Amino acid sequence: MKPLHFGLLCVALATAAPAALAQTKPKPKPAPAAAVAPAAPRETPPAGGTPRDFELPAKEEFTLPNGLKAKLVPYGQVPKTTMLVAIQAGNVHEAATEVGVADLLSKLMSEGTATLTGAQFADKVARMGGWLNVSVGQDQTLIYASCLSEFAPELAALLAEVVQRPALPESELARIKADFKRQMNLARAQPGTQARQKFSQALYGSHPYGRPIPTDAEIDALTMAQVKAFYQTQYGAQRTSVYVAGKFDNGAVREAITRAWATMPQGPAPRIEIAKSQTRPDVTTLDRPGAPQSTIVIGLPVVDPSHPDYMRVRVMNSLLGGSFGSRITRNIREDKGYTYSPYSYLETHYRTGNWSQNADVTTQETGNSLKEIVYEIEQLQKTPPSAEELKGIQNYESGLFVLRNSTPAGIIGQLNTLDLHGLPDSYLTEQVKNINAVTPQQVSETARKYVRPEAMTIVVVGDRKIIDPQIKKFQASRKKPL
Amino acid sequence: MKNRFSGRHYLLGLAGLLGLHACSPKATAVVTAPAPAAAPAAAPAPAAAFQIPVEYYTLPNGLKVVLSPDHTAPTATVAAYYNVGFRNEPRDRTGYAHLFEHLMFQGSQNLGKMEFIQLIQKNGGILNGSTRFDFTNYFEVVPSHKLETMLWAEADRMRGLAITQANVANQQGVVKNEVRVNVLNAPYGGFPWLDMPQKANQNWNNAHNFYGDLKDLDAATLADAQQFFKTYYAPGNAALAVVGDFEPAEAKAWVQKYFANIPSAPQPPKPDISEPRQEKEQRFTKDDKLATKPALAFAYHMPDRNTPEYYALILLDQILLQGKDSRLYQALVQKRGYSDNVNGGINYLGNAFNYSGPMLWMGDLIYDQSVKADSVVSVLDQEINRLAKGGIDQATLDLAVVKLRSSLYDQLSGSDNFGRADMLASFALFDNDPGRINRLEAEFRKVTPALMQRTMQEYLRPTNRTLLIVNPLAKS
Chain A
1 MKPLHFGLLC VALATAAPAA LAQTKPKPKP APAAAVAPAA PRETPPAGGT PRDFELPAKE
61 EFTLPNGLKA KLVPYGQVPK TTMLVAIQAG NVHEAATEVG VADLLSKLMS EGTATLTGAQ
121 FADKVARMGG WLNVSVGQDQ TLIYASCLSE FAPELAALLA EVVQRPALPE SELARIKADF
181 KRQMNLARAQ PGTQARQKFS QALYGSHPYG RPIPTDAEID ALTMAQVKAF YQTQYGAQRT
241 SVYVAGKFDN GAVREAITRA WATMPQGPAP RIEIAKSQTR PDVTTLDRPG APQSTIVIGL
301 PVVDPSHPDY MRVRVMNSLL GGSFGSRITR NIREDKGYTY SPYSYLETHY RTGNWSQNAD
361 VTTQETGNSL KEIVYEIEQL QKTPPSAEEL KGIQNYESGL FVLRNSTPAG IIGQLNTLDL
421 HGLPDSYLTE QVKNINAVTP QQVSETARKY VRPEAMTIVV VGDRKIIDPQ IKKFQASRKK
481 PL
Chain B
1 MKNRFSGRHY LLGLAGLLGL HACSPKATAV VTAPAPAAAP AAAPAPAAAF QIPVEYYTLP
61 NGLKVVLSPD HTAPTATVAA YYNVGFRNEP RDRTGYAHLF EHLMFQGSQN LGKMEFIQLI
121 QKNGGILNGS TRFDFTNYFE VVPSHKLETM LWAEADRMRG LAITQANVAN QQGVVKNEVR
181 VNVLNAPYGG FPWLDMPQKA NQNWNNAHNF YGDLKDLDAA TLADAQQFFK TYYAPGNAAL
241 AVVGDFEPAE AKAWVQKYFA NIPSAPQPPK PDISEPRQEK EQRFTKDDKL ATKPALAFAY
301 HMPDRNTPEY YALILLDQIL LQGKDSRLYQ ALVQKRGYSD NVNGGINYLG NAFNYSGPML
361 WMGDLIYDQS VKADSVVSVL DQEINRLAKG GIDQATLDLA VVKLRSSLYD QLSGSDNFGR
421 ADMLASFALF DNDPGRINRL EAEFRKVTPA LMQRTMQEYL RPTNRTLLIV NPLAKS
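Protein chains in written order, with the UniProt record's numbering: chain A, 1 to 482; chain B, 1 to 476.
It is worth saying that the hints were derived from the structure and are not from the lab. This one's a predicted model, so the numbers in the text were calculated from it and none came from an experiment. Just so you know, not all the hints are guaranteed correct.
To be verified - Label-pair restraints from in silico Cβ distances:
id : chain 1 : residue 1 : chain 2 : residue 2 : range
1  : A       : Lys-391   : B       : Ala-249   : 25 to 33 angstroms
2  : A       : Asn-133   : B       : Pro-276   : 18 to 26 angstroms
3  : B       : Asp-218   : A       : Thr-439   : 44 to 52 angstroms
4  : B       : Thr-164   : A       : Glu-445   : 32 to 40 angstroms
5  : B       : Ala-395   : A       : Thr-215   : 42 to 50 angstroms
6  : A       : Asn-436   : B       : Asn-203   : 53 to 61 angstroms
7  : A       : Asp-216   : B       : Gln-282   : 17 to 25 angstroms
8  : B       : Asn-203   : A       : Glu-255   : 41 to 49 angstroms
9  : A       : Ser-206   : B       : Arg-461   : 14 to 22 angstroms
10 : A       : Ala-437   : B       : Gln-198   : 33 to 41 angstroms
11 : A       : Glu-255   : B       : Gln-394   : 54 to 62 angstroms
12 : B       : Ser-476   : A       : Thr-439   : 33 to 41 angstroms
In this text, a Cβ means the ideal position worked out from N, Cα and C, and glycines have one as well.
Just chain B, with the same shape it has in the complex (with noise of 0.2 angstroms):
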């Protein structure tokens, strides 16, 4: 019944236009196609089939740029990322990451309002730009002929912003509405994407409202604007992923005649966003008005990135939580019909590669009054506890490997690339080594059923997670 109920038609649509996310082509790859043998989970090929072009350079001035081109379609992709989110904003300033977001199509040395936004489609392209928990993103998907023009743009508005008060106040007028539509005036707004981190952390940068306080956003200036963009989009502080169907030396060019004089800028030291080990379990119930049905989140800290109790949690995350298979998916839906869905993984703004710092492995449903929040838990700990105890035999490792490479798959295609310009550029910013896109399934090998094991016992611990229910006050 989608077509029935509208509500965020922009979503639908965009899954229409960008193909669902789901499989997809581009992606100069070479694939010796593993046996289809007669037990289909094995997971064969190990000397990694599926590789993605890489050239990575920095300029002089900072910049990281990463080049992967893909013939597939004439179309490229360009992600600037720079790296401040919500983590690094100011305290008295809550909100202000991605209110700056908005600013940055507001005007530039060249570019007035709209021309930016015009710029990108009079050209035959789209464009976005969202904020997450370690830095702000801008893309623009073009016909590859429009390449040198989308550089030259984002350039330009590296180079220098020229907003008015006029502009900041009205964006300060779109993101209240952005507010309002995505959190006050939404049954469920804000579970548990805005709300959980406030409540699992206890460091300020991961625990404040990332969205604002409405007051914070109305005290934003003109000068704060300044300041904020002077210092953290600075091209020191920023990775370049272009992606698609282009001549490397061609874009190089163009990216040093655009890119290489913008001058750099010294960087503030970055904040420190570790958190705690967590000791204790946290229970907290958020009364929803809107909301007609309870609904229960649950958040555990992940281990660190890139070690190896982190790709076992993902994996466990494969045979907990995705799929239809999943061992919650099974138990909280199937089996007892608690739901019709249990949503959840790692970043829920984004994926389990696109951050840099703590971050929390999720999961939550929406049930019936009927439904006691104390048995939704009994569940979750329970299958935790099945596998726990009972051990990951090496087919259930396969099988979770194969669905990862699968996903994998997906996140590094699609129409626009932006799975794969949005993993470039964050590996480039995080690691300096975005060369790793094409060792992640690598790693994910070399997990082991006594390293998963191990995490379990760790990361999947009851004192480690924390609990928000949702207390619906509007009738059913």
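Chain A with its partners taken away, still in its complex shape (with noise of 0.2 angstroms):
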């Protein structure tokens, strides 16, 4: 319900990253001498038993005469069933002229029907023990929706309305902006968003990506007939994808999307510009005056997941920061206590991606932070991981890929993935193998490769009055200038 866990380790949830092992001092064997020497002698885990098989669960596909795809994914014993309705049509497909239109039409979307109006469409998703959400990513509008198992035909059917008959009403567009600039204020409010934002900006430039969220004057200067002419040119069979995991009659949800969707127009072509990346070393500070925290974030393009490097890019960030365990996380929380939750990870565009370590640092330490998030890269760049460090890692991922597909939405959310990127099922199949095949030698070398700290854009917000000798006293101390 709640955003705030009073909790630890979000971090290890989180990033959707791999684990990682003993980093400063690998250790060689679970359980070695530590700092405290407890009067008995110590004893070592139980290593447990062998694994037990684990398959992708089998789904069902078919691609309607206009073009739309589904997939059907009989997963679990709980009576419930999970959809999710992916269109390529997101803030990548919009014009500068119109930033944020995108969302504009998702957020009328959920306003009602062409026979429900908004309120009738909340009823009607209620009584399915349902719920309905549509969100805007960059590369696609997404809608997903559960309900208790035995309606499952009916939310097939009514999130075809839902695409393909919205209301749109002219009526509710005053208020639907009031919410969306709302919304944006809060957003821009956030340290977080505001060194994300220079960030991207600095990454893709011009190219959508790298647009700032939408002002006020930016959405009130949107039209109806722009979000209209969005949904006419953007919005077709041919690029969406119907997804649904969870327990249901497969034969009934089959038909129901068969019969509700086969009307929907072909609409145009599968398509995204690609973003040119660009790697711009340099520092931006953003002034917080008086702010307890400094908000960094330090990375650069990296490959996207259709790259033949991109499996040992993910190891390897992993290792580095994006795991509870990972080396950066140890130095920066565990040893030197600067912050709560630090995490580096991949953000995944459509052939395009980077690599950043984010984190909310101790004002004071600001400095220091840089210095040793750098020391860590550095040093997985000199000198390979041990065998045992990269294995724990490397179990870690092999198991993070396992609860990432045996759940329905996270089933759906692996499928999706694939779609968008134009991967092939043996991204999924033969993950595990993959992972495993990263070598320690590779580990290092993809450091060298890619996570490159001269290279990096780094992105402080904070008091500047505070941070910015800092800063420039870390600037001094790199061997290269940034």
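Dock chain to chain to rebuild the complex, using the hints, since each chain is given by itself in its own frame.
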């Protein structure tokens, strides 16, 4: 219900990244000597049994004559069904003069259909024990929904209604715009958003991936005509995929999808303008007077999931900063206590991606945090990890693979990733094998090739009068000037 | 535009990885498909279809153990719950229950700093811990063949901490940064989840700053940690839930092997955490120098847990606050456009089931300066009065049960099986009866329109509520 965990390790779950093993001093045995010497001799953890087989759940796929693709995955015993309609029409498809139009359309889609008012629509979903949520990402508009199993065919039909016959009521436009403006305003007040926007702008420039979130003036200027034009030119069956997972009656759901979506116009062919990402080695600070913490983003463009090196980059990221046990987390959190929630991750776009390390750190330790992050990167570049440290990461990644593929929503997310990036099924079926094929030398090489501190864009949001001198000192300490 | 702002990527990642906690698989369950009638609202299939296996016993040292096999995926979840949360912490050591949670990862008899975390991850698992009103918990999800390893590791740290002064100091730093990122450097930081209990409650145990005063955190010592551990982390004050793909006999043998010889310890008496009946509306304002828009939260004291009124109020929450069809969403968002969303529910640090003691039913929204706080309050009154006066008909009640049933299924599943382990451990800890998990649905079906009305009259009265308004000081 609420975002806040009084927790410890959100990071571990979070970054969907891999794990790590020991670092500064890689540990050979699970139970080696540590800081304290208790009286009794140390016990070694039991090794556990042999792995049980895990196979990806079988799926049923079909394509309608208009080009719409559907994938059904019966899975699990809980009497619920999860669905996703993914439409390749996102912020990347917006013109520079209509930033946010995809969002505005998506918000209006919850305001009713040709046959249902907004309130009736909400009521209908509730009566299925369901929820339905429309959101817009860079590359896609996503409509996630779920319901009690017995209503699955009905929900499949309702989703088609939402997409094909949205009411787009002019009467609601002013209210929806006010909501949109408020959301953007609140987002802009977050230091994380401020930092991330600067970072994306530096990497992607004027490509839509680099655009800041829309201003009030930009939102005010959007018209219903633009919303409808976006719908007409960007939506269509060829750009739409329907995913269903969970417990449901296959035949009935297949029939409902076929019937409800057959009438959707073919629409435009899939197309995403590929961004030419830029490497911009510089430091930007944004002033947040009095801030008790500095929000750091440091990173650079790297390869996307369609690239042969991607799996190596992923494993490298896990070990470096992408998991709770990773080297950077161990250093700036567990050793130094500079931060609560450091994490590195790979942001993937269509045919482009970036790596970044992110952390909110004690203001007084801003420069030291940057120094330690760069130190850990360079260590990894210089020295391959031990086979055991890497094995730990590979096991973690393999374990996460099972977790990601063991819920309906997780399965759907994976399938959508494959389709969005045009990846073959082998991306999933051979993933564990590929994770485990990475060698210590390759991890080090990958860090040298892709995660180059001297090429990184650094953005720091914090109290400038305190952090600027620290950052100057950090820059001066770099052998190669940034 | 989700991807454009980053904020808390770890939360996004969490959702991504664990599957939105939406629907899910898992569960050894036999489902009788309720008839998809023309009017889908009716609450069908009372003879509960969805049953969760529960094997429950207590070790001689007092440790409560719940086993619940689920062979959907080859994973196993271990959850250790200690019956100490914010409400039990010592008076001059605010935030201690939470700080201690961090210390549990810092070293034990056999695993040094970071080794616990690394042990889980290198075996392909994830882990977390959290501190709540009435418990502190720890859980791991691993490939199921590593279950024994996890049980050993949880037992190892239950048996004894071996932390150092350096580790205490380090985690003081981490916790202070946690407070900064979640509260001090965030617009609306602490609103209303951390603020409201301090305003709405009278009893210190329910009303102090759960994150702790930074000076109390600084003052914590190694000796405090040891004392706290000895007192509250004894097996008799804990419950262990194991959920997932395992054979119960095998799991039982491992639990016996690793936990049975941990010595028990006497427990101090539990503090009185009761709250007096609230007789007068309270209203507070909070200046927020980072916030750009006003916000309002409302909170009502809940009926006691497990009473008929408690179940009724959970259904009222469904009707008033949950989902886009809810009365308050429709009235405040869709009809009047005061906000784009109304958050809310029971127990912002958990859910309606994982607490023991007084609790608040709460809602909150952020709105524009053009809207007055009193306008929001009058809509709240209007919607509650309409229900209270007009009564709640059976159809509305049935719809609430459908929504509740659906959300329960979500909670009881999920790739990490954490929701199920959480409920089983909570019911073991608080009720000595984890089998309640399979009787909840029946309890909700017992609720009548008359009970709903009585509950509204007593608990949703204005004199039982606290309002907290955020006064934004940042430029919009």
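Hint numbers not upheld by this structure, sorted from lowest to highest | Of the numbered hints, 2, 7, 8, 9, 10, 11 and 12 do not hold.
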